[in-house]
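J.: In the order they appear, the protein sequences are chains A and B. Those letters in the first sequence? Residues 1 to 126, per the UniProt record's numbering, in order. Those letters in the second sequence? Residues 1 to 126, per the UniProt record's numbering, in order.
Don't read these hints as lab results, they were simulated from the structure. Treat the hints with care, since some could be wrong.
List of simulated lysine to aspartate or glutamate pairs, DMTMM-like, C-alpha gap at most 20 Å [to be verified]: (1) A:K106 / A:E95; (2) B:K106 / B:E95; (3) A:K39 / A:D75; (4) B:K102 / A:D19; (5) A:K56 / A:D75; (6) B:K48 / B:D75; (7) A:K39 / B:D19; (8) A:K106 / B:E108; (9) A:K102 / B:E108; (10) A:K48 / B:D75; (11) A:K48 / A:D19; (12) B:K102 / A:D52; (13) B:K39 / B:D51; (14) A:K48 / A:E63; (15) B:K56 / A:D75; (16) A:K102 / B:D19; (17) B:K39 / A:E108; (18) B:K106 / A:E108; (19) B:K39 / A:D51; (20) B:K39 / B:D19; (21) A:K39 / A:D19; (22) B:K48 / A:D75; (23) B:K39 / B:D75; (24) A:K39 / B:D52; (25) A:K56 / A:D19.
Chain A is nowhere near these chain B residues, computed Cβ spacing over 10 Å in every case [as the list claims (entries may be wrong)]: (26) P24; (27) R72; (28) K102.
All values derive from a computational prediction rather than experimental measurement. All C-beta atoms in this analysis are idealised placements derived from N, C-alpha and C, irrespective of residue type, glycine included.
Protein chains: 2
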Amino acid sequence: MNSRRCAACKHLRRRCPSDCIFAPYFPSNNPLRFAYVHKIYGASNVAKILDDVPVKCRAQAAETLWYEAYCRIRDPVHGCAGMVSVLHQQLNIAEWQLATVKAAIKNESSNVEPLLDPRPLPPHYI
Amino acid sequence: MNSRRCAACKHLRRRCPSDCIFAPYFPSNNPLRFAYVHKIYGASNVAKILDDVPVKCRAQAAETLWYEAYCRIRDPVHGCAGMVSVLHQQLNIAEWQLATVKAAIKNESSNVEPLLDPRPLPPHYI
């Protein structure tokens, strides 16, 4: 029945077979989700990628394909790899800040060490 | 001439036209680079994506397409989006550590403030 076709089969204007590889991951109520992956990868490549992973992993694979297609449509030059680059930069900055603060603490604590870690009194005080 | 065909035209077993969209970004000495994007996106989708961006951005677009295809072949379930997820987690951890260390410093400095910032002596010491 037409009303039971998944978003992919609707988009491709074909019957939706009972074992449709797309149906569980591209429901008819979200046509954009399939339109995105279709535009970037093409239906046959999406089907091949889904078919090559275990059934239990296909929902995750469809989700990440959709995410990458969405990123590529939003930023055709950098795509999802642009996000990786931005996050690498942010991580480098955060790790540098953390290392700087830790070094400052180490330096500070070595300066105030006598106050925090009492040493034995020198002999003439005993 | 055959020897001047780019990696894409060699892979697709076709003549390499003088205005080949692939040639500047998929040189013949790196056949795997095109094989990866061909496997994941298909040649026509790669050509469409490259054609849709300004010429000066195409090298970057080809590089990110290659990177995403490489990630998808290495990890067919998560692809490049998996890297985004891992980097998000690492960034969250680094930012949490930074916030924790900064809070500890603030707390510590408010505790040791009297030692570092001498207050006026109470009246009976004057």
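J.: Now, for every hint given, state plainly whether the structure supports it.
T.: The hints, checked one at a time:
A C-alpha spacing of about 16 Å is found between A:K106 and A:E95, which places the hinted pair at or below 20 Å, so the restraint holds. Of the pairs offered as hints, the one joining B:K106 and B:E95 holds, with about 16 Å between alpha carbons and a cut-off of 20 Å not exceeded. For the given pair, A:K39 sits about 14 Å from A:D75 by alpha-carbon distance, which is consistent with the 20 Å threshold. Proposed proximity of B:K102 and A:D19 is contradicted: the alpha carbons are some 55 Å apart, above 20 Å.
A distance of roughly 30 Å separates the Cα atoms of A:K56 and A:D75; the hinted pair therefore is violated under the 20 Å criterion. Restraint check for B:K48 and B:D75: the C-alpha separation of about 25 Å exceeds 20 Å, so the hint is violated. This hinted pair does not check out: A:K39 and B:D19 have alpha carbons roughly 24 Å apart, beyond 20 Å. Between A:K106 and B:E108, the direct Cα distance comes to roughly 13 Å. Compliance with the 20 Å bound is thereby established for this hinted pair.
Distance restraint check for A:K102 and B:E108: the Cα-Cα separation of roughly 14 Å lies within the 20 Å cut-off, and the hinted pair is therefore satisfied. With a CA separation close to 14 Å, the supplied pair A:K48 and B:D75 stays within the 20 Å bound. This hinted pair checks out: A:K48 and A:D19 have alpha carbons roughly 14 Å apart, not beyond 20 Å. With a CA separation close to 47 Å, the supplied pair B:K102 and A:D52 exceeds the 20 Å bound.
For the hint linking B:K39 to B:D51, the alpha-carbon distance of about 19 Å falls within 20 Å, and the restraint holds. Proximity of A:K48 to A:E63 is assessed by CA-CA distance (about 15 Å); at most 20 Å being required, the pair is judged to hold. With a CA separation close to 15 Å, the supplied pair B:K56 and A:D75 stays within the 20 Å bound. For the hint pairing A:K102 with B:D19, the CA-to-CA distance comes to about 55 Å; that exceeds 20 Å, so the pair is violated.
For the given pair, B:K39 sits about 56 Å from A:E108 by alpha-carbon distance, which is inconsistent with the 20 Å threshold. A hinted pair counts as satisfied when its Cα atoms are at most 20 Å apart, and B:K106 with A:E108 qualifies at roughly 13 Å. Between B:K39 and A:D51 the alpha-carbon distance is near 14 Å, which keeps this suggested pair within the 20 Å criterion. Distance hint between B:K39 and B:D19 is unfulfilled; the C-alpha atoms sit about 23 Å from each other, more than 20 Å.
Annotation: proposed proximity of A:K39 to A:D19 is violated, straight-line Cα distance about 23 Å (limit 20 Å). Straight-line distance between C-alpha atoms of B:K48 and A:D75 comes to about 14 Å, which keeps the hinted pair within the 20 Å bound. For the hint pairing B:K39 with B:D75, the CA-to-CA distance comes to about 14 Å; that is within 20 Å, so the pair holds. For the suggested pair A:K39 and B:D52, the alpha carbons sit about 12 Å apart, so the restraint of at most 20 Å is met.
For the proposed pair A:K56 and A:D19, the alpha carbon gap of about 15 Å is at most 20 Å, so the pair holds. No Cβ of chain A comes within 10 Å of the Cβ of B:P24; the nearest lies about 15 Å off, and the non-interface call holds. Not every CB of chain A lies more than 10 Å from the CB of B:R72, the least distance being 7 Å, so the non-interface label is violated. Distance check on B:K102: its Cβ comes as close as 7 Å (rounded) to a Cβ of chain A, failing to clear the 10 Å threshold; non-interface status is violated.
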